[in-house]
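Q: Sequence:
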Amino acid sequence: MDRFGRYYDCRRRIPRNDKRRRTIMTLAQKVFHYPDADKVVLTTFSGHYTSRDIQVEMDRYISLLRPLELKGKKVGLLVPAIPSYAALVLAINELGGTIIPLSWQFRKEDLSAVLQFLDPHVVFSINTHNGFPFAEVMEAWAIGSGKETLLYTSDDCKEWKSKAIAGAERALEQDKIDFICCSSGSTGTPKGMVVGIHAFDFSFQLLKDFNELKPTDVVFLNAPPNSVFGIASLLTGIRSGVRIVFPDNFELPRMITLMQETACNKVVSTPSIFKAIYTFGQSLNPDVFKKIEFVGLTGEMMTEDYVKQFELMQQCKFVGQYGSSELGGAMLCDLRQQLEFTVYDGVQYKVKEDELLLKSPAAFSGYYQNPQLTEQCFDEEGWFYTGDLVRLNEKNKLEFIGRKKELIKKGGQQVIPGEVEKVLSQHAGVKQAVVIGAPHPVFGEQIVAFVVPQDDLSTDDLYAFCRAKIAGYKVPDRIVAIAEIPVAQGKVDKITLRTMVAKQ
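The sequence shown begins at 1 in full-length UniProt numbering and counts up one residue at a time.
If you're looking for bench data, these hints aren't it; they were derived computationally from the structure.
Positions of the beta carbon are idealized from the N, C-alpha and C atoms, including for glycine.
Distance condition first, Cα-Cα at most 30 Å in a straight line; then the derived DSS-like pairs of lysine-lysine:
| # | residue 1 | residue 2 |
| --- | --- | --- |
| 1 | 176 | 359 |
| 2 | 409 | 208 |
| 3 | 39 | 208 |
| 4 | 397 | 308 |
| 5 | 431 | 409 |
| 6 | 108 | 71 |
| 7 | 409 | 317 |
| 8 | 494 | 431 |
| 9 | 352 | 409 |
| 10 | 359 | 395 |
| 11 | 108 | 431 |
| 12 | 469 | 163 |
| 13 | 30 | 359 |
| 14 | 308 | 208 |
| 15 | 469 | 147 |
| 16 | 469 | 275 |
| 17 | 208 | 176 |
| 18 | 176 | 71 |
| 19 | 163 | 71 |
| 20 | 350 | 208 |
| 21 | 176 | 30 |
| 22 | 291 | 214 |
| 23 | 395 | 350 |
| 24 | 397 | 275 |
| 25 | 359 | 397 |
| 26 | 352 | 395 |
| 27 | 214 | 317 |
Here are the in silico distance ranges between beta carbons for each label pair:
| # | residue 1 | residue 2 | range |
| --- | --- | --- | --- |
| 28 | 375 | 140 | 33 to 39 Å |
| 29 | 249 | 174 | 35 to 41 Å |
| 30 | 439 | 353 | 23 to 29 Å |
Can you build the whole structure from these sequences, using the hints too?
A: Here it is, written out as structure tokens:
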């Protein structure tokens, strides 16, 4: 961003609304690239879909939304059904709207915070999913905002009912924004990553190369559909003519069955989720894993002996993939060899005071309405500070030695300690709360909360309190009550807290 708040293309530092920018095709024009429109490219729990099916559904949504004149308007999507979600993403982009993908792991507190921050003009929401009344929360937010909002709600993400909420007119975005993908900031305040579809040009080829994709592949994809990685992976599959098997929900028995029925030969997932799938399925249906040729893993740090646990997959290739929501994919390594990463062609890197800095054509454009944070993450030459500590070995490859940031990476999901601390502190029985990440053999890291209680405090009540307010993956795995929080040099002594966890 510049000081006027305009979004820059981080590769060229040219404002997005500058006439020097090249004309960009719509996302649909990029995605519907494979010549055989009748080839199945997507399978979910609900069925099988060709490129033509998705295109027809996209056209239906274009007809529905065209009268709304979406240019400058933001559209929130909480749509668990992957075919409908993909069609909506493409339709909204075709009409010039801004897409805000929303996670169905959100609960009232985090969902309301994201909605309040991003202020969408239009929202598509499932009525209820996994027992949570999303549409009810959406409507309460819309009414409480006092602004004009159009809500589309559905039981099945196919047939939608519209409801107009009266209020003041919402301001239009002055700059062209394609996506705002939301995560949490370091203080628990949401931050939105502005992503232009130009970033997908590079990601399409990178993901194809990372996963060694060919049209005959059947790829089991387990990634949050609301994430940049999830969106890019799904669209890369459609564009490449690959069959993507994308479960609509996390149900291990059905996932194993779906992998068997579709004869998956590749998997793209996080290390912890794939371990859970394998652990559950190895006795249920071992043949599923014997047929897998390739596993691409991203989102968490792994140990060198990670692949040794998959005895049914001795001939399978395991590839570790490094990237971030802000930069896209960047590096990969052969997990059967030493944990050393090779930087992908087209991505630039350098190491400054042990921290990894990157430049990529897939870079995001900045943080929404937060020029200060954008400037903190990029230097004047456009290098992005990843927060990851690395060393360059004698083979000119990168090895990770730790993380500069305090971000907790649990099961491929990012959790900000400050957000969880804020929720814990809202409980009447909590005087003070500090949250840290600690090593976990399955999920990479676990969330440990230290709380100073007011009086008698039931940890069971505190777990339930958190589950009602934030996404399940953010709920602490362990809650430890202590008399006081240790302090060193006027700050919370997290080294002492981590030592306490290690001793327990």
